[in-house]
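S.K.: Sequences are here, hints too, so could you generate the full structure?
2 protein chains.
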Amino acid sequence: MKSCTASKSEITNLLAPLRKCLGEKNVLIALEDRICYAYDGSKQKYLPDIVVRPQTTQHVVEAVRLANEHEIPVYPRGAGSGLTGGAVPVFGGMVLDFAQMNRILEIVPEDLVATVEPGVVTQTLQTEAAKYNLFYPPDPASAAFSTIGGNVAECAGGITGLKYGVTRDYILALEVVLADGSVINTGRKTLKSVTGYDITRLLVGSEGTLGIFTRITVKLIPLPEKIETLLVFFPTPKDAVESASTIISHNILPRALEFIDKSSIDCIKGYRQEIELPEDANAILIIDIDGEEKSVQKGIARVKTFVSEHRAIKIIAASDAKERNDLWEVRRILSPALYKIAPYKINEDICVPRSRILEILHAINDTNSRYPRLKAANFGHIGDGNIHVNVMYEEEGDRPFAEKMIDEIIRSTIRLGGTISGEHGIGNVKSKFLPLEIAPQELQIMKDIKRLFDPKGILNPGKFF
Amino acid sequence: MKSCTASKSEITNLLAPLRKCLGEKNVLIALEDRICYAYDGSKQKYLPDIVVRPQTTQHVVEAVRLANEHEIPVYPRGAGSGLTGGAVPVFGGMVLDFAQMNRILEIVPEDLVATVEPGVVTQTLQTEAAKYNLFYPPDPASAAFSTIGGNVAECAGGITGLKYGVTRDYILALEVVLADGSVINTGRKTLKSVTGYDITRLLVGSEGTLGIFTRITVKLIPLPEKIETLLVFFPTPKDAVESASTIISHNILPRALEFIDKSSIDCIKGYRQEIELPEDANAILIIDIDGEEKSVQKGIARVKTFVSEHRAIKIIAASDAKERNDLWEVRRILSPALYKIAPYKINEDICVPRSRILEILHAINDTNSRYPRLKAANFGHIGDGNIHVNVMYEEEGDRPFAEKMIDEIIRSTIRLGGTISGEHGIGNVKSKFLPLEIAPQELQIMKDIKRLFDPKGILNPGKFF
Numbered sequence: 097m098k099s100c101t102a103s104k105s106e107i108t109n110l111l112a113p114l115r116k117c118l119g120e121k122n123v124l125i126a127l128e129d130r131i132c133y134a135y136d137g138s139k140q141k142y143l144p145d146i147v148v149r150p151q152t153t154q155h156v157v158e159a160v161r162l163a164n165e166h167e168i169p170v171y172p173r174g175a176g177s178g179l180t181g182g183a184v185p186v187f188g189g190m191v192l193d194f195a196q197m198n199r200i201l202e203i204v205p206e207d208l209v210a211t212v213e214p215g216v217v218t219q220t221l222q223t224e225a226a227k228y229n230l231f232y233p234p235d236p237a238s239a240a241f242s243t244i245g246g247n248v249a250e251c252a253g254g255i256t257g258l259k260y261g262v263t264r265d266y267i268l269a270l271e272v273v274l275a276d277g278s279v280i281n282t283g284r285k286t287l288k289s290v291t292g293y294d295i296t297r298l299l300v301g302s303e304g305t306l307g308i309f310t311r312i313t314v315k316l317i318p319l320p321e322k323i324e325t326l327l328v329f330f331p332t333p334k335d336a337v338e339s340a341s342t343i344i345s346h347n348i349l350p351r352a353l354e355f356i357d358k359s360s361i362d363c364i365k366g367y368r369q370e371i372e373l374p375e376d377a378n379a380i381l382i383i384d385i386d387g388e389e390k391s392v393q394k395g396i397a398r399v400k401t402f403v404s405e406h407r408a409i410k411i412i413a414a415s416d417a418k419e420r421n422d423l424w425e426v427r428r429i430l431s432p433a434l435y436k437i438a439p440y441k442i443n444e445d446i447c448v449p450r451s452r453i454l455e456i457l458h459a460i461n462d463t464n465s466r467y468p469r470l471k472a473a474n475f476g477h478i479g480d481g482n483i484h485v486n487v488m489y490e491e492e493g494d495r496p497f498a499e500k501m502i503d504e505i506i507r508s509t510i511r512l513g514g515t516i517s518g519e520h521g522i523g524n525v526k527s528k529f530l531p532l533e534i535a536p537q538e539l540q541i542m543k544d545i546k547r548l549f550d551p552k553g554i555l556n557p558g559k560f561f
Numbered sequence: 097m098k099s100c101t102a103s104k105s106e107i108t109n110l111l112a113p114l115r116k117c118l119g120e121k122n123v124l125i126a127l128e129d130r131i132c133y134a135y136d137g138s139k140q141k142y143l144p145d146i147v148v149r150p151q152t153t154q155h156v157v158e159a160v161r162l163a164n165e166h167e168i169p170v171y172p173r174g175a176g177s178g179l180t181g182g183a184v185p186v187f188g189g190m191v192l193d194f195a196q197m198n199r200i201l202e203i204v205p206e207d208l209v210a211t212v213e214p215g216v217v218t219q220t221l222q223t224e225a226a227k228y229n230l231f232y233p234p235d236p237a238s239a240a241f242s243t244i245g246g247n248v249a250e251c252a253g254g255i256t257g258l259k260y261g262v263t264r265d266y267i268l269a270l271e272v273v274l275a276d277g278s279v280i281n282t283g284r285k286t287l288k289s290v291t292g293y294d295i296t297r298l299l300v301g302s303e304g305t306l307g308i309f310t311r312i313t314v315k316l317i318p319l320p321e322k323i324e325t326l327l328v329f330f331p332t333p334k335d336a337v338e339s340a341s342t343i344i345s346h347n348i349l350p351r352a353l354e355f356i357d358k359s360s361i362d363c364i365k366g367y368r369q370e371i372e373l374p375e376d377a378n379a380i381l382i383i384d385i386d387g388e389e390k391s392v393q394k395g396i397a398r399v400k401t402f403v404s405e406h407r408a409i410k411i412i413a414a415s416d417a418k419e420r421n422d423l424w425e426v427r428r429i430l431s432p433a434l435y436k437i438a439p440y441k442i443n444e445d446i447c448v449p450r451s452r453i454l455e456i457l458h459a460i461n462d463t464n465s466r467y468p469r470l471k472a473a474n475f476g477h478i479g480d481g482n483i484h485v486n487v488m489y490e491e492e493g494d495r496p497f498a499e500k501m502i503d504e505i506i507r508s509t510i511r512l513g514g515t516i517s518g519e520h521g522i523g524n525v526k527s528k529f530l531p532l533e534i535a536p537q538e539l540q541i542m543k544d545i546k547r548l549f550d551p552k553g554i555l556n557p558g559k560f561f
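Chain order of the listed sequences is V and G. Read the first sequence against my numbering and you will find it ends at 561, with the numbers running on by one and no gaps. Read the second sequence against my numbering and you will find it ends at 561, with the numbers running on by one and no gaps.
Where hints are given, some of them may not hold.
All copies of an identical chain are treated as equivalent in the list; a pair is satisfied when it fits inside any one copy or across any two copies.
[To be verified] With a cut-off of at most 20 Å between alpha-carbon atoms, the simulated PhoX-like pairs for lysine-lysine come out as follows:
hint, residue 1, residue 2
1, Lys390, Lys116
2, Lys139, Lys394
3, Lys400, Lys528
4, Lys436, Lys315
5, Lys139, Lys552
6, Lys390, Lys322
7, Lys322, Lys528
8, Lys543, Lys365
9, Lys358, Lys121
10, Lys394, Lys104
11, Lys322, Lys394
12, Lys436, Lys358
13, Lys121, Lys365
What the hints contain is simulated information worked out from the structure, not anything from laboratory work.
M.R.: Set out below in structure tokens:
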């Protein structure tokens, strides 16, 4: 697989034409500017040689065309909140910062579609759609700061996946700048279309390695009338997991069905939130039911019965926005609160068939028992089998052990029919695990497709393969 | 684009090894056998040279491997009910008949997934899933006889598309025999997975031109508790179209929202059904509302109000299965009843943004007025903008005019931001229109992907391009 790298002289060649096209202030080469683009949510650091801040598709075309001509790596970047290194410029070169391409171009309620630029923050689209009584369901934990462009690149999931699906289920059409700087339009702004191969969905989740999105048309659905939330404490993880299964098997598809384990509960005790946590709670479920009001009330009542039958210790209900927000605070503070366990963590994103959840939790515990200096904290979207495993460690020197532990967890996941990434993507962080899940021949097909779209390997090199 | 054709001597070479692998009775070369495989729902006729009836993946592997070695075209076939020629062997060669690979391999309620062989009839999967209180939503009009394999190949849609999406939204994983006879497994049996490029969805809708499905894992959802149906008659198409918009704009997403125009109504009058049709009805909506019982009742009441405000002439409601079946009979008999207008038809499958429905209906009428010997009848899934335009004609000699009329309708569709195929696919019937919608560069990408998967062009040649 060809991957290109940048040299100083090549970057210099790009400066004049880029400044002419995009303006001086949108082409950054000062070290203090470039440092801001060296990081992402994966906490790696790779310094780009140049940062380009397009405002139009034409700016992207010009930047990519020049990069292709001079064989400079191009790293598209949304909010830089990705957790697998999707946005870090591992071979230097050019970062394309989409912060200024952040316009909602149209919301057409009658067609149930919106067209946006890639730099639109996910929550901004959710909020604007809600003004028309419409709903953009994909809801990654990062929605308040991550961008639609990044969400499409990674095929972001989130808490609503069980009921509403993930990003790919909402992408209808794309304007894409290809590696040679040409522009294609895939899909149509219609709710159905089967004309030709589904290039749109091939590009969703391609992590910026096949093309760069400049316009994104999404499907919207009517906003649910009502959401109610339950926070439920259980004596064992088994009770929580079995409650989840019982709820779904009784034809209730919750809008959210989140699981939090004992280690995670210990972290949030007393951490910036007011909910009193029962001493004997060893697992939590947070359950959102949405829909028409009467139906939600009935659903909540039934869920209360089911969780009680599974030995729930305590049930807290919330029906207005303020109360719901308080309950969800328990989940939201989890990531920062984890650092109470230890200052370092590796964050995994495995997904297994829901019937295998208890097995994978046991496997994680077993593995953990062999690494006593490490501590795993597990939480996530139990409704769709997607568990965020956080392996915490005290000192940088423990990292090799944490990596070994992760390796074992990944292998257990594959053995149970699971996937190494439910929603965070592969990037450079998980690329070493890709061959555990994808057989050589399918991997070769992916590499061939990459070569077809990007023969010089300039688009997000160092990722995936 | 390379397309291979078969010669008699090459076919003879295949006979002995195929008979050895699949058994005598599963390798057919008698004319009377082959004739049965020369047709599909598009009413074209192309005689295959050999028909192979696999019972296992290994049988498919052997057949495709031999075909590839001898450069014989391979035409996978489900029920042969497709409307765009997806299954007809336009260059002769081998038909692969999947009728015997029709086992439901597993339904796992806890995981909300099922794995099936491609020859399973869609309705059979729906019925079996319902025994577990589960729902496989894609519901093409052909569900009673079309197969899941064919549905995946064409990315079938149907009446539930507005609320539940289409086939691609339910396909999680595929076992696929590639052109060289090798087998890959794409996707995972998990509700989320973003590991590598989305080869699964690239293959969904690829019409048998990239690979041949031998196992299909689908996502299931809980079966809705209740369905109620309204059959509503309107004085004008405008009233029906505006009713549909009003319903959706009030946050009701019907399970089905079907439109039938005046020409179609005229056909069904007195044709094998008992519903009394008001004289002054110029449009019909059939509306299914599903969900939790109380919510359905409320939805139905609101819909009745909305359609009354849009001048509904008559509303017939049905809440039990028998009554619902009677109302839906009006829609089901449409296709055969159309032949009351004329003995010949061309059936189109355009889809426009819903806000453009009235414009496309006007455009079709305008076009029709210039072809007085022809008669257009329009019905379809108005909720997602997908209209089946049937151009009816009296004599074979009228066909060139019907084709001209279709050409104009297709161009109007594209002009209004629509797509030439909402759910029927391209096949060989619509391939001439593909360049109207897909720009040359994107078309070239599709051709390159085809070459990558199938360098000798043996898989369903003569389709798409």
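S.K.: Okay, which hints does this one fail, numbers in order?
M.R.: 1, 2, 3, 4, 5, 7, 8, 9, 10, 13
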